[in-house]
Each structure stands twice: as structure tokens, then as C-alpha cells.
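Spelled out, the chains give:
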Amino acid sequence: MIANYRYLQASLFSFCIHAAIFMYIYGTFDANTSKTLLISKPLQVELKFELPSEDLNKQIPILANINTTPSKPVSEDIVYSKAEDEIKTSQNNELIESTIANLLSEESEIEKNSEQQEISMYAQKIISTIENAWMKPRNIPEGLVANLRLKIRSSGRIASAELLKSSGNIRFDNSALQAVRRVETFNFFDSMPKTLYDKEFKIIAISFNPS
Amino acid sequence: MNKSINSFFALLTILIFSACSSVQITEEAVADQSVAGVSIASKSTATQAVLANAVVYFEYDQFNLTAKSIQALKGVSDLMKRNSKITISIEGHADERGTREYNLALGQRRAESVANYLIANGINRNRLITKSYGEERPLSLGSNNSAWAKNRRVEIK
Amino acid sequence: MKKNLFLVVLFLFPIFTYGELFLEITKGSEDPYRVAMIPFEGNSRVSKQLNDIMRNDLIRTGEFSILDEELLLPVKIINDELVFSDWKLLGIDYLVTGTIANANNSLDISYEIFDIHKKRKVRSSKVFGIPNQIRQLAHYTSDGIYESITGIKGIAATRLLYVNEVKDSRFISIYKLMLADSDGANEKVLLSSSEPIISPSWSPDGKRVAYVSFETGIAKVFIQEIASGKREAVLSQDTQISSPSWSPDGKYLSLTLYQDGNAEIYILRLRDRTLTRMTNQFAIDTESSWSPKGNKILFTSGRSGSPQIYELDLRKLNPKAKRISFEGTYNAKASYLPNEEGVIFVHRSNDGLFHIALKYKRENFIRVLTEAKMDESPSVAPNGNMVIYGIKENDLSMLAGFSLSGAKFKLPASDGEVREPAWSNFLR
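Same order as they appear, the protein sequences are chains A, B and C. If you use the numbering used here, the first sequence corresponds to residues 93 to 303, in order. If you use the numbering used here, the second sequence corresponds to residues 3 to 159, in order. If you use the numbering used here, the third sequence corresponds to residues 42 to 469, in order.
Just so you know, the hints here were simulated from the structure itself, not pulled from any lab data. All of these numbers come straight from a predicted model, not from anything done at the bench. Wrong hints could be hidden among the right ones.
With a straight-line Cα cutoff of 16 Å, these simulated EDC-like cross-link-like pairs (lysine to aspartate or glutamate) come out [said to hold, decoys possible]: (1) C:Lys-159 / A:Glu-254; (2) A:Lys-291 / A:Glu-207; (3) C:Lys-414 / B:Glu-98; (4) A:Lys-228 / A:Asp-290; (5) B:Lys-133 / C:Asp-301; (6) C:Lys-337 / C:Asp-354; (7) B:Lys-133 / C:Asp-279; (8) C:Lys-129 / A:Glu-254; (9) C:Lys-402 / A:Glu-234; (10) C:Lys-208 / C:Asp-456; (11) C:Lys-160 / A:Glu-276; (12) B:Lys-133 / C:Glu-236; (13) A:Lys-294 / A:Glu-234.
Output of the computed footprint for chain C on chain B, the stretches with three or more beta carbons under 8 Å from beta carbons of chain C [what the hints assert, rightly or not]: (14) 88-101; (15) 123-137.
Beta carbons are placed, not taken as given, at the ideal position from N, Cα and C, and that holds for glycine.
Produce the entire structure from the sequences given, and follow the hints as far as they go.
Right, dumping it as C-alpha cells:
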């Protein structure tokens, strides 16, 4: 009798566990449900770029085509027109040269700024995508930091992710790698200009730092 | 029925002993604890009654004697002075809360408190055996204050 | 004394397999690896048993979520390559397949793990043994899968010690020291006694146990060889001894002796039974526990007025106890995490309830990890990721456990009550 009751008990439990697993999987495959927690936390994922050294000389050939290139932001238009006026009105070569030199550095400043803005925007998107996918493991010591290096294709697909610096805690390291695996592809990369991609986003380093 | 049970156990004991000659289950007579003379079991009924009444209770986490316990122990002290051959076993207990080993040590401290009182009253240490059962021998089952209060005790036998 | 011998019935050999502790998993983890396990090819009965055991093992770790069997897809192979896309659609991280070869007197289990994101096989392995070792082989396989995916060693193939108490109709108790697999299966009785048994402790090589038995009328520590059942008292003197803990090299046992009526910590060298006293002050010192590297001991001391956790550095010539718990009025039964990064212990919170807590060495606060009322006797798994402990539910003592990642499970007894669990080392 006891044996039969046990079987009944066991099969009831088995049913409950299967039902629970089934519901668990269906309930949480939707990536959006449990993410509100993460968004409200302060920045936990930072982007650190391996920036190539700045080279103003590279930009000068472009600037040499000032008159011919049509698509420039408004401020540069103003600069252009100013330059043209100055060139027309001025008779002094030295004056022209120094003015042009100033204009050139202003140009590059502005270009740099807008590029910085673009980089910053994409960086922000990368960070929030990963943050949304990252679940910080429970009961880990404070102050852990793990750094990952990601190689990304132009399509935004993450070709590889490796641990640059271990936090010293395997579960924490694993959670960072898991987050990146789940993301798989940064869909917004197809709106990224190829030049920007080539320069800044082929290889990036990410720091997971929940403090 | 009894006879066959006895012989079964006798046989089992023999088997056990023959299989494990290194096992030492019997006690050796060693300094402090063992006492020559009158064994604990053979006390008069009257004596046993006095001792059975002399249960000492303790506060949670505490092992010091209360005024009430000292009253109870006076009777034991007098009894032992009247019968100079009696040795007693003082057994300390604790309630179930907290860890088992710490409770074992706490029960022992409680037994020692009782022993120390008797010693201070002129009873020879040799006549006192202290031991502890920690939370392993509760008098009252149940997880409530009244059961716990009953279990925080020292019994004298 | 002779009288006691007849009353105490001792089973010295692991005789029967009693039954099982029934493993209930009550909570999964939050960010599990999603794994699909295809029942291994081969004998269908063996395959099902293997599958059930592995699912249990992996879910219990708290790091896995195993796809329900009804949702499994057929494994598609095109041009010798596994088709990964279907699994990706299901949100699976890893796929496990395998085969069972069941010949004459051997059981071979080969398994493969596929990384769905990376679209390739990441592990191929094999375990083999004999048919009646199927549970053990299943556990080895679970551990192999666990370790491949998480990088952490698995504990499915480890074992537990615990004490079982059964009361008969006249409320007379029989106490048994039990040994079982980490999932509660394969229970074996190591000792059966009419007197209490407490504080079981594994030797580091998993071959012996030390425990406290009251069979002689007082608390005494015995060492017993698991395979043969041979046992002996650690000291022949008739004095109370308790709280045994093995050194990691198996050569020493730290103990609590009550020589002058007060609990103090001693270290016993097993080779020649020499005793070294480690504490000497008026308050209770007990519950010693060795560090995994063998150069420190944790213990519980009442010297500050209430039970707190202290640490002794054995490398020092005159080791001074250093207090390491400062929160609350009762902290006891501490043991180190295997990487010595922190300690697990029993903590009484302000409401008077006892819980299992964790304190990392570098931090100055504690984390309470359990929620019932009288949690006790925690024991840490050798991979540092799980803890088993004793709880009381509806007045019945049983075992419960949790993983640091948040999974929970329970192990109630099939008969009576269970408590005082001790988790073995890695046994392979």
C-alpha cells in the first residue's frame, strides 16, 4: 500500500516539475519581461575603446575638397562661406594661409566632435543592448570587474567574445560571456557608416562593473 | 522469548567483537571521571526522589544559577552531606535552538554551574560527575517557549 | 556498561539500501544556461533512467534550465553537420546528445555537447563502467556536462552523510548515521544506535567518517571506515569529546574536549594520538573547522559574551584567535568556502530566528541566504557553489539546500527525520 502511495506521490511530483519547467521556459523566453530591473540600475557596462591615435593630417585631404563636397553640417557651411569671403576680399597670402590654417583646425574640431557624438551614440546602444541581456549572478562578492574583448562584423554580428580580464569569480565571468552570447548581433550596426565601423567598432572592449 | 533475544544479542556481540578487535567500547578506569565505591545505580528510593525533584532550570543562552535553582540545590547539598558515600551524575541540557555542538557545550556549562555550587558548599569534587546531552534529550517535544523552557535544565541522578 | 552493549544494536557494515530521500527542487535559477538534452540512444530503459538522473542533477545546480522533453526537436543532420537553426529559434544555448552501449557486463556512455550560438561541437566525452553503476555513471556525465559549460567542477558524483532519527510508537528513538548520493539516492546505514549520533564529518579522501556517539552514555568521537565498517573511539579515556573535523591532509582531527568542564579546542594527531591544546579561556570554544589549505581553523567561541566566529592561524607560533563575525548576537558552526574567499555559518537575526549566512572575507557585512526559522548545520559542497543544511518544517526535521545562484531544493526523509548533513569532497 505504501509503495502504491509513493508511486502516486512520485508521479504527481513529476507532473508538477514538468509543468513548472514548461511554464518557466515559456514564461521567460521573452527577453523583455525581466529587464526593468537592470535599466534602473546605474551604468554597469562601460565601453572602452581601443582608439587609434588621432591624426589630423588624414583629414586634410578631405578638407582640400571643401568646395566640391556638398554634404556638410550647417556650421561648416557657414565656415565655408566665410572662407570664400575671406579669400575673395583678402589680398595678403599670409593672412589667407593663417586663416585657412585656423579654418582647417576648426573643421577638424567640428568633425571630431560630431564623430565623437556618433561614437558615443553607438557605444550607448551597445551598452544598453548588453545590459538588457545581462543578469548579474547572485551572491557574488562586491567589486568584481570582468573585461571582455569583442570582435564584431560589419553586420553587427559578434564574431567572438573572449575574457580579457577575469573577475576572479567564474560565475561572474560566465554571466558576462552569456550576456554577449545571447545578444549575438547588434542590429543597429547596419545604420552605422562603414568608415566609423572600420575605425572604431571592429574590435571593442567591454567592462562589466556592477558597483 | 526473552531467552532467545538475549542469546541473539549475545551472539551478535560475540560476532561484533570477533570482527573488530580494535574497537574499544568498554570504559577504562581513568583519573577524573570514574569513581570507586558506590555506583550511581544503587540509591535508595528516598534519595532518588530528592534528586528527581532537584531539576535546575536556566534562561535562554544562560548557564548561571537563578535564586530558585539554588533553593532546589540546597536539598541536594544537604543530602550529600548526610550520605557521604553518594556520588551523583549531573546532566546538562539545552533547548533545540542554535547549533548542536554549541548546545552540547552549553549543557556542560550548566552542569558545571551546578557542580560548582555544590563544591562551594563543601561537597568533594570526586563525588560529582558532570556530563552534557546538549539538545539531544529534550523532555518536552515541540517548538515553543514552554517546551524550550522545560528543556533548558540540569538533571541530577 | 555491559548493559548498554546489549541495548545498543550496531550495524557495522553497510548492509542494505534503504530507500531514497526524495529530492524536491523547489526553485530554479534566474539566468540559467538553456540546455536541450536528447535522450541518449540505446536501451530505452537505461536511457530514460540516465536522462531523469541527469536532468535532476543539472537543474539542481541552479545554473541550468533543461528543455522539457515534449518540446525536443528531432536532431537534423545535413551533410554530416548538425542543423543548429531550429535550436536557436527555441532559445537553446547548448544541445546534449549521446549513445549508450550496453554489452555483456559493461556500460559505456558517450556524449556530445553542441554550442548552438557558436554552431559547433564543444565537447565529446565518454564514461564507462558496469551496469549496476548506472546512477554513478549518470552523475559523472552530468558533472562532465556541467563542467564543460560552466567551467566549474560538478558535484553530482559526491556524497552526503546525515543522521536519521525514527521514533517508534512508544516514542523511543533509533538513530542512524546514513550515507547517500548527493541526490539522496542509494541510502546506506553506517551505524544504527539507540543513543544519539551527531556531528558527522568526512575524511578528505572520502573513505572514513568521524562522528559523535552517545552509546557509552557520554559524547565520544568515533572514526569509522566506510567500506569495512571498522570503527574505533579516537581516545581511549573516558572523557567527553565532540565536534570532530578532519584536516585537509587527513592526518589530524580537531576536537572539542571538556577536560576542565569547559569546552576547548584540541588538535589530535592521528598517527600517535597526541593532543595539542589550542584554546584556553573561560568561555565555550567548540565547532572547529579546518581551512581547505590546512593552515587555519575556524571555531565558535563565547568569549565575547555570545557565540561568535573566530579564526586561528596555525602557522603562527602562538596563534591568537581573531574574531571575524561582528553582526548579531549568535554566529556559529562556520566553515570555509573551498576557495577560502568567505565563510558559511549559522546566524541568528534580530527577530531571534536562525538562518544560514555567508560572509566574504573582503566585505564587512553578512548575507543571509535562507528564510525558515531554525536553519542549522550548513555544509558546503566541494565546488563552493551549493550548501546543504537542516531545516524544520511542520515540526519535522529535514535537509534543504541552495545554490549560490539561487536554486533551492529539499531532501525530506522517507521515514522519520533527518539532520546534520555533511557534504563529501570530490570523490573521483
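Which numbered hints fail: 4, 8 and 13
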